[in-house]
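Participant: Next come the chains, spelled out residue by residue.
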Amino acid sequence: DTGVSQNPRHKITKRGQNVTFRCDPISEHNRLYWYRQTLGQGPEFLTYFQNEAQLEKSRLLSDRFSAERPKGSFSTLEIQRTEQGDSAMYLCASSSSGAAEAFFGQGTRLTVV
Amino acid sequence: KQEVTQIPAALSVPEGENLVLNCSFTDSAIYNLQWFRQDPGKGLTSLLLIQSSQREQTSGRLNASLDKSSGRSTLYIAASQPGDSATYLCAGAQAARQLTFGSGTQLTVLP
Chain A
1 DTGVSQNPRH KITKRGQNVT FRCDPISEHN RLYWYRQTLG QGPEFLTYFQ NEAQLEKSRL
61 LSDRFSAERP KGSFSTLEIQ RTEQGDSAMY LCASSSSGAA EAFFGQGTRL TVV
Chain B
114 KQEVTQIPAA LSVPEGENLV LNCSFTDSAI YNLQWFRQDP GKGLTSLLLI QSSQREQTSG
174 RLNASLDKSS GRSTLYIAAS QPGDSATYLC AGAQAARQLT FGSGTQLTVL P
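Those sequence lines, one after another, are chains A and B.
If you use the numbering used here, the first sequence corresponds to residues 1 to 113, in order.
If you use the numbering used here, the second sequence corresponds to residues 114 to 224, in order.
Hints in this document: simulated from the structure, not taken from any laboratory.
Here a beta-carbon is modelled for each residue, glycine too, at the ideal position from N, C-alpha and C.
Don't take every hint at face value.
What the hints assert, rightly or not - List of simulated lysine to aspartate or glutamate pairs, DMTMM-like, C-alpha gap at most 25 Å:
hint : chain 1 : residue 1 : chain 2 : residue 2
1    : A       : Lys57     : A       : Glu78
2    : B       : Lys181    : A       : Asp86
3    : B       : Lys114    : A       : Glu56
4    : B       : Lys181    : A       : Asp63
5    : B       : Lys155    : A       : Glu78
6    : B       : Lys155    : A       : Glu28
7    : B       : Lys181    : B       : Asp140
8    : B       : Lys114    : A       : Glu101
9    : B       : Lys114    : A       : Asp63
10   : B       : Lys155    : A       : Glu44
What the hints assert, rightly or not - Per label pair, the in silico range of CB-to-CB distance:
hint : chain 1 : residue 1 : chain 2 : residue 2 : range
11   : B       : Ala142    : A       : Lys14     : 40 to 50 Å
12   : B       : Gln194    : A       : Gln80     : 41 to 51 Å
13   : A       : Gly85     : B       : Asn131    : 33 to 43 Å
14   : B       : Lys114    : A       : Gln54     : 14 to 24 Å
15   : A       : Gln80     : B       : Thr158    : 30 to 40 Å
16   : B       : Gln194    : A       : Ser62     : 36 to 46 Å
17   : B       : Ser216    : A       : Thr111    : 19 to 29 Å
18   : A       : Glu56     : B       : Ser216    : 16 to 26 Å
19   : B       : Pro195    : A       : Ser62     : 39 to 49 Å
As the list claims (entries may be wrong) - Just so you have them, the derived chain A footprint on chain B, three or more residues with Cβ under 8 Å:
hint : segment
20   : 125 to 139
21   : 170 to 180
Just need the whole structure built from these sequences, with the hints factored in.
Facilitator: Below you can see the structure in the form of structure tokens.
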């Protein structure tokens with residue numbers, strides 16, 4: 001296992017379109033997190049899963065955003081009706097527990113035109 | 114609500130110099146603190162994790178300290194190299210949940 005994998009690495013979409021990102025965590029990690037990062041800022045928390053259960057969602061996660069983690073393995077983050085303000089780097093991380101080190105993927109860079 | 118601040122926002126040093134990056138946090142009820150490195154357009158690489166019961170961690174030329182009572186952490190980089198140029202982020206975990214990040218320090222090491 002080479003770490004957390006995210007696909008695609010880059011996505012350009014037109015405003016109003018739906019997009020979906022995928023994250024494959026480190027295989028033995030039961031916690032999976034999604035963050036969003038804009039230029040010059042640190043990542044901001046969006047949501048996290050423990051196994052297949054989504055345990056917490058940030059107020060940043062509007063009703064246009066939905067995340068799933070079927071079977072407690074990979075996760076998807078969908079953004080519906082994209083807006084220009086959604087342009088950012090979307091980062092996925094995983095850890096074996098809340099106290100353990102978090103490992104991040106390379107991110108998906110979303111550009112909404 | 115936890116707030117994390119990193120000062121300075123940018124730092125430029127000559128190669129070989131030892132340097133310290135600073136991180137402060139408002140809520141001392143921190144579960145752990147993690148330092149990351151981020152290269153332009155890339156994801157985050159974990160450097161060091163300090164649990165709340167620990168005072169410091171070391172890895173190679175890096176040493177991170179944690180002082181919960183003062184709400185501060187520092188990352189010490191010894192004998193800096195041009196390859197150390199990157200943005201360094203600190204993040205604190207509350208109640209074993211998500212990380213709260215600072216805005217980072219952009220480090221440039223000049224050859």
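Participant: Looking at the structure, which of the earlier hints fail to hold?
Facilitator: 2, 4, 20, 21
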